[in-house]
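Student: Residue strings, one per chain:
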Amino acid sequence: MILDSLAPLYAELSLAVFAMLLLVYGVLQKGQVARKVSYGALVALITAGMFLYAEPKEHVSLLNGMFIHDGFAVFVKSLILLGTGAAVMLSIKYMYEEGFARFEYAVLMLLAALGMMLMVSAGNLLGLYMGLELQSLSLYVLASIRRDSIKSAEAGMKYFVLGALSSGMLLFGISLIYGFTGSIDFAQIASVVSENGASNLGLTFGMVFVLAALAFKISAVPFHMWTPDVYEGAPTSVTAFFAMVPKLAAVALIIRLLMGPFETLTDQWQQIIWFIAAASILWGGFAGIAQTNMKRMLAYSSIANIGFALIGLVCANDEGVGAALVYMALYMVMTAGAFGVVMYLRRDGLSAERIEDLAGLSQSHRYLAYIMAFFMFSMSGIPPMAGFFGKLVILKAAVASGFYMLAVIGVIGSVVACFYYLRVIKVMFFDGLELSLDKVPSTSRQIVVTICALIVLFFVVKPEPFINMAMQAAQMIS
Amino acid sequence: MFDLPVLSLMTFLPLVGVLFIVSVRSTDEEVMARNAKNTALFTSLFTTALGVYLAMQFDPADAGFQFVERMEWFPSLGISYYMGVDGISLFFVLLSAFLVPICILASWHSIKTRVKEFMIAFLILESLMIGTFCALDMFLFYVFFEAVLIPMFIIIGVWGGARRVYSAYKFFLYTLLGSVLMLVAMLVLYAQVGTSEIPVLMENPVVRDLQIWLWLAVFASFAVKMPMWPVHTWLPDAHVEAPTAGSVILAGVLLKMGGYGFLRFSLPMFPEASEVFAPMVFWLSVVAIIYTSLVALVQEDIKKLIAYSSVAHMGYVTLGIFTATTQGIEGGIFQMISHGLISGALFLSVGVIYDRLHTREIGRYGGIVKNMPKYATVFMILMLGSVGLPGTSGFVGEFLTLVGIYQVDTLVTLFAATGLIVGAPYMLYLYRRVVFGKQVNDDAAKMSDLNLRELSLFIPLVAMVIYFGFFPGYILDRINPSVDRLISTYESGLQKGEMRRAALLEAAQVKPAAGLDTQAVGTVPAFAPVHTDDAMDGGDLPMPIINYNE
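Chains A and B supply the protein sequences, listed in that same order. Sequential numbering of the first sequence, starting at 0, is according to numbering that gives the first Met the number 0. Sequential numbering of the second sequence, starting at 0, is according to numbering that gives the first Met the number 0.
Since the hints were derived computationally from the structure, they do not count as laboratory data. Nothing false has been slipped in among the hints.
Partner residues aside, some chain A positions facing chain B, computed with beta carbon under 10 Å: (1) Phe376; (2) Ser379; (3) Gly380; (4) Pro382; (5) Lys395; (6) Gly401; (7) Tyr403; (8) Ala406; (9) Val407; (10) Val415; (11) Asp430; (12) Val460; (13) Pro462; (14) Ile466; (15) Met470.
In this text the structure is predicted, and so the values were computed from the model without any measurement. Each residue gets a CB set at the ideal place from its N, CA and C atoms; glycine is no exception.
Just chain B, with the same shape it has in the complex:
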């Protein structure tokens, strides 16, 4: 049944499309652009079809990794090409495969220069995104995760708006700084545990002190990617300047890499540290939810407003994930998927009016419900989804998250629930200013309604937003077993940590404290003068007591 290497096919099929686009040469720009667009659309649709096949073949009852592929890559270091999906990653893979053809179709006419390069960049991006969510080897994950920066940097910088260079730099350097710290953490983890396979690492958490440091380093990467307050400032810039398709992918998929990283790395690999830092994450999330909602309220730029709303919605995700309860984590995942659909579609709808009027300023629109009724309907559903109205997918995620957080911390719940209220006005206010009201701008009043191509982009998205609002079961059934497994991993990690500390305490009582010290000093390499001050684990880390490779 699993003979077909679906994941590798999905990952590398877009690259085949790239090869095809590159190999076709013509002196006529027009012909080349058309060929590139068709090839890109065809390839990404084929990838989506593979995604559908993947979803159908996926066994909902199985909590472990499915469709596993493993090939030698770096045998002497034990690093392999190791792919697989479970309930947690499945929907991110599907989301990536689903959004890319929409993005390509959305750029059909709006991208006029260097069409060929744009399509190449997008296909490479698709390949890397799917690879990120499928990788089960830490270093393979890192290769995909960081390589995403290259096409995104090019997409923002080449096809972006007026301040595109600044935004592209900010995006690149911010995310890179976080990622490289994570790379060091991964290497430390590798040196400690001796493997880079994510499933094995999940079962073998390192000692507590080290977990704290590694958690922080990994957090630096994922918090920026997510983005969490206060390291979110790159996001509004990147969103505003990126072309429509770039914004859709950024909001739809790239932000989810942060949440996915928390689920794959922080929670299962560093359970004790996650427990320690959970309150910090909660409060950061609460600040993000309330503060960025208020900031969104005063925005004059539609894209910036939606970008700030993304930060607020991601606040619910981090909140849910670090509750480490079934509802919280499932809510977080559901919120990410729902946000991927809703905010992706919202950026598309901004793109629709931007294509017509070439401005993102809210005041330049108004009363467009009269000349664009279809658009107003679509936009309303999406807006209500973003607010979290029951009956849309946005509600399910937020509700589950709040149920999860209530079990852990009621005070945080109070603020988070307040955030729901603060979250509604800016969207409603935006909608009122853009769609309703008097038609003050003549050019806005003359805009034509959605055409067939645009409608065909929105219909699947809107349908999914409503369908998952009423029937979240399709998603929840599939993520549930994996989430349960994640939580049991997390809890057994906590138990291991407690047992380990108890054992240490016992050892310290048997031997006097001095004995422990000499043992610890022995593990620190001989070049102490330079090393001691810098070593993050210090001298008090009795590493050899526990053998992780058993």
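With the rest of the complex left out, here is chain A:
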């Protein structure tokens, strides 16, 4: 049966079918159905997850090599599904509060998740481009979903224009690679590259263009300029989604490219990744200090964190890649929690986004303040929070591969970044209460924030299973 041979694709197929069904449902239904569609999206994500785990984690290549199914893909995809689910749950209440409750919202998130899953499983350059564009287009629309807000529209526009530019670079790079290797298939590129070696300048150029485009997607310095503006302008729930999931997927894609077809060019790309890792850590640390807006601060924090994850990639071995996965996953948890807390901050029916708005939170919303403090300490990498273990595995991988300088830059950058994380804690705990915030209950948001806080706090008790899972996933990449 043809259908049976597509079994590894079931997760993606089910997601696509669900997205379309929900779209049709939303169009046909009269009135506000955003909430129902969101619940539908959660069901879709769970279903996709079940299909994903029903399949053995062996390496399978489908659709003439365009789609690869392996343990690495399964691991990353399950994180994508979890992250998207968390983002949907964080959004439900927020959509209504901010007045952009449209059913397209959840559908677009599903489509973005679908694009990311295809991206992670890409087996050739065409699949890569299609997956990347599907997620990017969905994200552009999500960024500007609040049509009546100038800021949101501006964020969407900026993101779109710069995203289109990076897509152009990507295509240019792909055409160079195709021109010099005669193939778009990863496996064939790999064999051509290993035969010709690093002597082929055109190929190297193509790879650099592709890397630049992907660095844009993960907002690594020097391709990070869009991040603070888009983070600030987009609705907070969308920002949370941006920070959590697409970055993870793009990092996974970079891993698949660099550890796959370009593995023999390690000498070439290692320098590039080394530089953008170091630059992201330092710039993300220093520039974040000047921010007064919570979302902009978290944007710089995400830049610095991406730099840290890239340290794992510089190592160019299983340990480093596994460490990068662990780091991204833990970062996803902390981000989800931190943005969840930010969404709680409302004053007179408007969202409060400045850092000063948190003043005295420890007196008015005691538990919220403590939870936020956990996330901030965790992002600073202070033990015993989960973030420390992310940094530990990354630094361990770097040191084991001999990148002492990068490790030192990493830890110094993390001390610098610590300054602005501490400021959040300072504002919440040391400053007096000025204006009180509204009390807005939201069950789904509370669930996400609580789970994230528990993970951050109790990861120290048993860090091993998850880290082993990531390391195994890294070994299964092929």
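For chain A, the structure is supplied; the task is to place chain B on it using the hints.
Tutor: Using the frame of chain A, we list chain B on its own:
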């Protein structure tokens, strides 16, 4: 006999107290505060009782680690939950367990806002401090060591004085920068030796060039924590702004983590580097002793004065430790314990008058011996202990340290001994200005003498200061075997290093120098362009010659 996991109980019992405090909810702030205070006091007293049990069960003759506990934590990396104490760490554990109930009692009335949170922070702090001194796994140590920053940051920042935010930041970032460098050093050590167990690492020192770098990275952490001149500037700020209890713990225990780190990491793990850098440490210590004593002389703020005196006293500790002689190291440890008691008590006594007059300015007091005779007596004993009068515990530590340093470097001894003289005036001058003289300030003259609660805080401390001054044997007998073991580890480490160098030299003579180079290049990963310049060990480190995992 060792069935009871005393160390884990001591470490995690305070956390049980925290759970208890958190779980009790009441709408009445008053009730909640009282409950929190009682729970915290009870839990910490119980921990102290466990500490007494620990001290009684401790076998003084055994030089190795006792009460060892080991559980799987991170089996695939070989990192485990590994606890144990020897003579060196025993008294730091006891000091932590002993000072916390005193701090809690001292804050009984002076902390008025967010009492519940204060008690939680203190119990967490206690748990982390005890854990730091018990941990026998490098990474476990690091987790405890760095996590201490969180409660301390909160304690200074929330309950501190006017410039509390600045001080809390300074404290946090200074110490963090040092610690993260140590983390990198630990990871390098782990990559080289293949284990994170401190006892194993002590027996297997790495090659000399690497030791130099690692020693510096570790030094960055412990020197800040200690604090040594010139990275001591966070301490006066932190002390001045912290609430009384915070200052007591800071001076009493947190500073000792630096000295403990030198004893656990620098000396046994990097013996060759310690030997190389010992003169530098000596001179830094001498500068600290003399310079900060002089700085203390001109202070107008009582807490700042005592803070500078702490830096000077810690100078003796580093001096003693890096002599690597029995007397020097024992003197250093004794000085730390004695300083923990004396300066802790001194900060308490500052707290007593601060609670009454709400100022730390020396000029606002004067002649209080007339209305506070008991206080004047207690303060005098503590002041003399700080100066190092024979008959107080302060003398023993300084004397032993000087005996130790005399065997190594007489010139340094000259300056260090001069420091003893410079160290006396500022305390005496402080005492004269605060306690004696005319009663110029009416409000200071009206202050009431120590009440029962305050007296009960001072009596055990003062008693110990005097007891250990006359009978230092109780402590020295217990630390002696472990110190001897430390020194033999240190010396065998030096020997290993010499043998290793001799072997290298021989190998270089057998093979021409070029042979060594190619071998070394082979060990450097292939991505040389980026790597060579940055690698701290460079290309001349012939790593695979010696297998450390034998």
